[in-house]
Amino acid sequence: MPRYFTEDHEWIDVDGDTATVGITEYAQSQLGDIVFVETPETGKQFSKGDEAAVVESVKAASDVYSPVSGTVTEANGELEDNPALVNDDPEGEGWFFKLNLADTGEFEGLMDEAKYKAFVDKL
Amino acid sequence: MESNDDTETLKTLPLDGWHRARGGRMVPFAGYHMPVQYEGVMAEHNWTRESAGLFDVSHMGQLVVSGADVDTAIEALMPGDFKILREGRMRYSLLLADNGGILDDLMAARLPAENPFGSEGFYIVVNGAVKFEDIGHLREHLPDAITINHMEDRALLALQGPKAVDALNRLVTGVAELVFMRGAAFDWQGHALWISRSGYTGEDGFEISLPADAVEAFADAICAEPEVKPIGLGARDSLRLEAGLPLYGHDLDPDTTPIAADLGFALSKRRREEGGFPGAERILTEREDGAIQKRVGLIVDGRQPVREGADVVEADGTMVGRVTSGGFAPTLGKPIAMAYVPWANATPGTVIHLSQRGKIHQAEVVAMPFVPHNYVRAGA
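Read top to bottom, the protein sequences are chains V and L.
With the UniProt record's numbering, letter number 40 in the first sequence gets 40, and the count goes up by one each step, no holes.
With the UniProt record's numbering, letter number 229 in the second sequence gets 229, and the count goes up by one each step, no holes.
Okay, chain L solo, but in the shape it has when bound (with noise of 0.2 Å):
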């Protein structure tokens, strides 16, 4: 959940003026005031998808990880495969507790020698509302020779949409050689950028890493082009469900394990076959037998969007899974959701029935994405 959202303690991103003077409707999120919206939730949604949309993704963590032997310390605490990946590729992994608690999920690259962080070692971005905890999780467990810096001073940025590649690399020349999940060290008129070609939306684009002093140039800069608008929460929020990535704090927390929250993929071949880390034991269990409940996607009859807290129930009421996100899927023009259901019961084509305010509704268990993904993948 967010946490520190009192109006008094809420702090201010970089780009808060910039946002505010944009017609942005400020709110509290993680901890900051941000933007949930310009011209309009649906507006926005559709022009990302069609277009490129620019987000303020400052509020989370910007952390670069370094040291001897810095693949197998980070290696004790997720289930990735790191110790394989190359300079400039990226991996999407899970911190995890020691019963295999989903702790955060996050982004990690190999940075290469030249990237603009002034350090070697890992490049992690972490989730803004539990950045802290992370933080404080890792240099629990994390040896003493293993550096973690927390780049305050550093904004991040998300371009995002089919015509993001066409906007970024008038400014940037060259990161429309980039293709998924890799990354290198840019420059913007005297600026360090570090941009990797991913994002949140099922959708082609870059996140932008930036010092806070340059992130307002360059962010009128990047929205003097034609193809570009700022987007807000709001928009993020429906353009993620749609293409069904989980929220964590939502879709995710620490009584989800990567089993239960259909996160198979995130336990890499060699992980899987060596075990140690953390949780193993039970994680590589449920891969075998399945896990008690399972996150699945939904399309939700008519047209009234059923949203998180709503309950899966039994034919006789009894509350046997939960919604964890839901909404009005722009794009598909009807209700989604993503739930926990019963194992058994996460199978798709499986009807399943929900309860929100006192009234019931049909739902169908569907494969996610419920929108395809158009990354733009190596060798394609």
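Bound conformation, chain V alone (with noise of 0.2 Å):
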């Protein structure tokens, strides 16, 4: 199952025409203290690049974006009662949704996980 990173620090798995979608490592190290997380409804469509999940550290509000366009299938219900999961495991049990891709063709232009991680030794 491959996985794909972008600039704004997500992560997407993609199986068959499923896509899983997370911050990474370095967005949750960044970020830290996670105290909430607004995930998207089931059933919205998001184009690539649409604002999609807010994710609040003690310090800060961010917004997650969409890696890529299709249909929220579900999304992570265990993140409302504890956001900290995103500290605890961002690229595992802190998922924060799962997509019905539109294009399965979308991924061009997203890292692999040794492009992303020359991409963060830089920042």
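Simulated from the structure, these hints should not be mistaken for laboratory data.
Errors might be hidden in some of the hints.
Claimed, not checked - DMTMM-like mimics (lysine to aspartate or glutamate), calculated; alpha carbons at most 25 Å apart, straight line:
1) Lys48/V / Glu74/V
2) Lys334/L / Asp89/V
3) Lys359/L / Glu74/V
4) Lys334/L / Glu78/V
5) Lys359/L / Asp81/V
6) Lys334/L / Asp81/V
As the list claims (entries may be wrong) - Cβ-to-Cβ under 10 Å is the rule here; a few derived chain L residues that face chain V:
7) Val36
8) Gln37
9) Gly40
10) Ala76
11) Gly234
12) Ala235
13) Ile299
14) Gly302
15) Pro305
16) Gly333
Heads up, the beta-carbon is just placed ideally off N, CA and C, and yes, glycines get one too.
If you follow the hints, you should be able to join the two separate chains into one complex; please do so.
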């Protein structure tokens, strides 16, 4: 299952026409203690780059953008009661939402793990 | 607001290298590079509430104001009773504009003969972001016989938390005998210190003025005590918010008055009776009749923080006030805020609505502090 990364520090796991989206380890380390996550409602449609979720740390609010186009099939309900899950396991249990992909060819321009690591190392 | 935050013009604190070596993440604040956090805001916040945290507040302005009849001179600019303030006692006060607006909030202590500043009069600590404006205001309005000494060669640290007294008394014997809002001269390894039992977290603790060239050795020594860790600006903000303490430039500014800001306690009894401070007529009228708005504490429903800049709105969406500070309260586990609301809506228990980024939040007006103060008072 390929994993892609964006310059906005989101990750996307792709499995057929389904994608799971979250924020990266680097993103959570920059945000600090996360106290609230607003995930999108099931059925909502996003174009690539739309504001899809809000993540609030003690310091500030940040938008999470949909890295690809699609329809929300599920949001991570665990984050409502336990937003710190994003700090503890950002690239696993702390996922944000799943999308039914509108276009499985939209991944060009996204980074693979090695490219993303090089990108973060330069920040 | 914090001015002069262009990265190129930022100044460095005496402890700049020390903060960086300890992993402090530096951000612009009040014209300086300052540490916003070390290990994380939440952990630092909780550590301060449970043990002791060291804060570098050397960006603040440390002044000594002295000269003949200095009491009368400063009373012309502030609403506190300074004539009855005894040596070694300190008072929270406000620098007021002629229209009663707040130019700054500050702490002023009457110096005893024995003090490290080599001068009599009052030791005054003002906010870093407006210290040069304050000094200009004082120079313009105080009589020529009054001297203002801005001590740029001194650093200022705050050690806050229930175990602060244990840690500091090991380094500086005798500080445990101070009580809240009193200060005295102390010596540490030949350096002249002024230490007061005061702070900005709601916890017991101390503020320590010391020579800038001694601050690194002192910070090392106090952080070697097992109770003490360095704490950044992020936790300083969440701690003071939980304690209900306003932050100048956010909760207070020249458009707010002592009554609107709910700082009526800063108007000493004799001064209320006699007047004679800037804006006295307006302020005393507001004290009787109320102001247009009042600063209140809010507990926000749900978990999402409502932050500075959000609007207080009526049911039809009309803006009637503003949130001036807001965030997640680690000690309470819920979002809290300070806001200016219409005077009639300022009673605890009142439910109000806030608008932030197109979303409406419900909040309840509550009495402050949000988290009880733990000061060690005289006679307690």
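State the violated hints by number, sorted upward, taking the hints as numbered earlier in the document. 10 and 13
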